[in-house]
Amino acid sequence: MALLRRILSLGRRSKVEREIEAELREHRAMCIDDNMAAGMSREEAEREARKRFGNPAAMRERVTAEDAALGLESLWSDFRSAVRISRTSPGFALVVVATLALGIGANTAIFELIDAVLLQSLPVQNPKQLVQLRLTEGAQTRGNNSTPYPAVTNPIWEKLRDDHEGLSGTAAWAETAFSRDSGGDARFVSGLYVSGVFFRVLGVRPFAGRVFTSADDQPGCGSPGAVISYGFWQQEFGGRQALGQKLMLNNKPVEIVGVTPANFFGVAVGDNFDVAVPICAQPWLETKNILNASTQWWLSVIGRLEPGCSGRQVAAHLDAISPGIFASTLRPDYPRESIRDYLAMKLTAEPASSGVSMLRETYSDPLRFLLGIAGLVLLITCANLASLMLARTAARERDMAVRLAVGAGRWRLIRLVLGESLLLSLAGGLCGAALAQGLSRALVAYLHLSLGFTLDWRLFAFLLGMSLLTCLLFGLAAALRASRTAPGAALKTGGRGMTASRGGLGFRGALVASQVALSLVLLFSALLFTESLRNLMTDDLGFEAKGVVTVWADFSRLHVPANRRAAFQQELLDRIRSTPGVEKAASTNIVPLGGSGWDNTVWIDGHDSTQREISNFSSVSPDYFSALRIPIVSGRDFSSQDTGQSPRMAVVNEAFARKLGLGANPIGARFWREATTSYPAQLIEIVGLVKDTKYHSIRRSDEPIAYLASAQDTDAESNIQVLVRTRDPLDTEEEALRHTLHEVSAAISFQFGGLEDQIQQSLVAERLLATLSGFFGGLAVILAMTGLYGVMSYTVTERTTEIGIRMALGARRTSITGMVLSKAIMLLGIGLAIGTGLSLLAASAMASLLFGLKPRDPATLVGAAALLAGVTLAASLIPSLRAANVNPIDSLRAE
Amino acid sequence: MAKNDLQGALDLLILKTLSQLGSMHGYGIVLHIRRVSEELLIVEEGSLYPALHRMQQNGWVRAKWAITDYGRKAKWYELTRAGREQLASREKNWAQVVQGVDAVLRFA
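In order, the protein sequence lines correspond to chains L and V.
Residues in the first sequence are numbered consecutively from 1305, following the numbering used here.
Residues in the second sequence are numbered consecutively from -10, following the numbering used here.
Treat the hints with care, as some may be off.
To be verified - Heads up, simulated DSSO-like pairs for lysine-lysine below, C-alpha to C-alpha not over 27 angstroms straight-line: (1) K1432/L <-> K1463/L; (2) K1963/L <-> K1888/L; (3) K1319/L <-> K1463/L; (4) K1319/L <-> K81/V; (5) K81/V <-> K5/V; (6) K1963/L <-> K1995/L; (7) K1432/L <-> K1592/L; (8) K62/V <-> K1355/L; (9) K53/V <-> K1319/L.
To be verified - Far from chain L, by Cβ distances over 10 angstroms, these chain V residues were calculated: (10) A(-2); (11) D0; (12) H14; (13) E28; (14) H42; (15) E80; (16) V87; (17) V90; (18) V93.
Please keep in mind that the hints were generated in silico from the structure rather than gathered at the bench.
Even for Gly, the Cβ is constructed at its ideal location relative to N, Cα and C.
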């Protein structure tokens, strides 16, 4: 009731105030009447009444405080006065809101990304029950690993499907790409091969139509039907009826049987699937049947725990049945030398509630680090705002003192200052939220991810907490200081005192020193990441990627018989070589640093096959080395005379020769390559030696590579990958190549890319770190600069009189400047000392993210410190010089 | 233990005064308390009006403007039902406070 009445009286403040005034006036009048009745003169009576009554304004304020809705109304008026104050000094408000928005926006954007990549559970039923079944860490699988996720072969999956003790069900899936074009520029959709019960195990119900059952996933299922994602349905059919429609996938018609709900993206965070088909359709959709191979590791397996079963129990069971599973799934295609390793492999289970993710492995460390950096920026922002607010409060000390003197309560003053900071931090928070939306979208686009952001309550709480925390952090200190001011003292010292009070500046000094310290940490890590990125980008790859176009062409629609494919590939390569602008062109099955790899065990002829080394391989055509400008040290390149009939030969790099102990001249030496799916063990003669190049990643050096002659391959596929060195700009060359390929046949589909771009793209996490930490580092330096500038100019203003007296007594201008500057240098020195300690601590956390330099690189630390010192000193030089220009007469007269 | 300690005494005095006089303005309340207590208790205006307005907000008293015997316009306060209930409980509390304080003072 009381509260209701208070709310009802809102907005009637002026009326209430008038009434109170009338009541109190009448009270005084009655008092005077009585006094006069007791025999006083009118003057005496009035004086007596006033004495009893005290300060009428303070009295009215106190009665109003009871009436005016216990704060509700006055909160509104505080807010309004805060708006008014902000409007009179828009510069201050703008700076505060902008810095806050940047701080909060950056934090929220990175938190959103972390939330999507690391924290969110899969949008399926009871994600906590999901486990991933996989080989134990370090298993030496031989053959083809076509997925970045832990995977098993189809024979192993079939065992896991049938024996799933402790699990209510298991499901397998593999990512793939289905071609959707019929020649020309290639178009792909993201595909999923899934086991029959995949959707049932995950608990995903169809949005329309149906999902697969185990009846859909039977051997030899032929055209099985497809389940498409909600996103693909919208994009391809615009939400119109899709069930029963035919989709062309790899040139095969597949009927759509169902659509999944909008929030289901698959099991891999950061990837989106368009079309899912049962695993049994693999032989029908692709040229090579891999369902019965024990060298094809392509299926990832998840399971759902039975109620009451733990992941550990399942892992123990898997460990126990592993020998049986591997013994029964060994197929004749497995390399004989590695059978012992195969039989010794173990399976295990681990939690998979948030899905599997390459993103998580690639970006988890950088993202956590960025969140730390963004947090530091927010801290610096707060420190900066706190000192700004303090300076403002100090400037308004006189105003506050007057308010106190005429009867304002201390609590009222605190609320006034808090109201202002609340207003500013809410405005900053709102702008930050808007900024975060843009920033996180830009981040996702930059990283080429498909991630859905949902604005959930956690994020909202995070944002709100962030705003309120900053408000409290930077507003409370100022508010408390304002309320503690003794009105008399503040009025007496007037504009400025003789000397600065030590206490206030001490706290502000500490704020500035901590700002400098944190800025140094940020600047140091920014420099480290930038340097590391530069090292990665300028690292000698061993080949020249600039000016090289990668061409991928698929001619499976032409149905070239297997024995004619090599010749057709040769014809395509010749046509590409005669295209205008082409300097050199060579085919290869592995594009260096392109993400794919091929390795086999090798050993020197005559040595026992147990002394084995693993080497990388590439199957290349003649001119490969000249196209990539890889120097040939000795021996020769492949030539057109090398054919399937001539003895097997290889060109190796120096790391290969070193690893196998072949000395400086390995030409003529012979080595064995282990038996594989398609070949028995081969004896290969080395005909050339080339310089080392990077193969898997820039971060790895000394990778042994053996190049084989592609002309000696017997099972050529119906696609070809060509590296073209061109004299023309890449765009022009791509257009010319498009024309050439189209001329050969309209049914060929193709894709182009710049080799340099591809390599740059592989550094995206590093670039993200360097760019963002550089941005934050710059921001921190600017904040530290303004912080120090603010404190110094405040000091100078405060000490103007003192400086005037010193100058009147004969102090030189230089010594005045020195006096002010020494204060700045002291703050800077303390900040840098603390910052150095913090930087060295932070450095150890960065070690794994850096390339080509030590995390505690002293040169970088000194550089960062020098940069910070230079910039901030320059900023404090301005107020110091202004101090020297104080006119002693003016400053003394002003007193 | 009585929850309303000695500080609640002012509220109690005002409520009791209003229950005895029926309806009265602020100045009258001051005079009444002073007279009845034989000048022992003098309520300050600085405490009286905030207390009256708080009671009004709480719904213990209601107020209306009326003319005094001497022709001045004044705001007259009178108890509501909630106010009378409040007074009853305050009186009981006060008795306990007095009893408690007495017991402490008599302790030998």
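Right, here's what the structure says about each hint:
For a cut-off of 27 angstroms, the pair hint linking K1432/L to K1463/L stands: about 24 angstroms separates their Cα positions. With a C-alpha separation of about 31 angstroms, the suggested pair K1963/L and K1888/L falls outside the 27 angstroms cut-off, and the hint is violated. A threshold of 27 angstroms between alpha carbons decides the hint, and for K1319/L with K1463/L the separation of about 85 angstroms lies outside it, so the pair is violated. In summary, the hint linking K1319/L to K81/V is not supported, as the alpha carbons are separated by about 38 angstroms, beyond the 27 angstroms threshold.
Simply put, K81/V and K5/V have alpha-carbon atoms about 12 angstroms apart, close enough for the 27 angstroms limit, and the pair holds. Taking the CA atoms of K1963/L and K1995/L, the gap is near 14 angstroms; set against the 27 angstroms cutoff, the hint holds. Distance restraint check for K1432/L and K1592/L: the Cα-Cα separation of roughly 37 angstroms exceeds the 27 angstroms cut-off, and the hinted pair is therefore not satisfied. For the proposed pair K62/V and K1355/L, the alpha carbon gap of about 23 angstroms is at most 27 angstroms, so the pair holds.
Under the criterion of a C-alpha separation no larger than 27 angstroms, the hint pairing K53/V with K1319/L is consistent with the structure, at around 15 angstroms. Residue-level check passed: A(-2)/V sits 18 angstroms from the nearest beta carbon of chain L, beyond 10 angstroms. Taking the minimum C-beta to C-beta distance to chain L, about 13 angstroms, the non-interface status of D0/V holds against the 10 angstroms cut. Not every C-beta of chain L lies more than 10 angstroms from that of H14/V, the closest at about 8 angstroms, which undercuts listing it as non-interface.
Once the 10 angstroms rule is applied to beta carbons, E28/V is consistent with being away from chain L; the minimum gap is 14 angstroms. The Cβ of H42/V does not lie farther than 10 angstroms from every Cβ of chain L; its closest approach is about 4 angstroms, which violates its non-interface assignment. The Cβ of E80/V sits about 22 angstroms from the closest Cβ of chain L, beyond the 10 angstroms cut-off, so the non-interface label holds. Every Cβ of chain L is farther than 10 angstroms from the Cβ of V87/V; the closest lies at roughly 28 angstroms, confirming the non-interface assignment.
Annotated as non-interface, V90/V keeps its C-beta farther than 10 angstroms from every C-beta of chain L; the closest such distance is 29 angstroms. With 10 angstroms as the threshold on Cβ separation, the claim that V93/V sits away from chain L holds: the shortest Cβ distance comes to roughly 33 angstroms.
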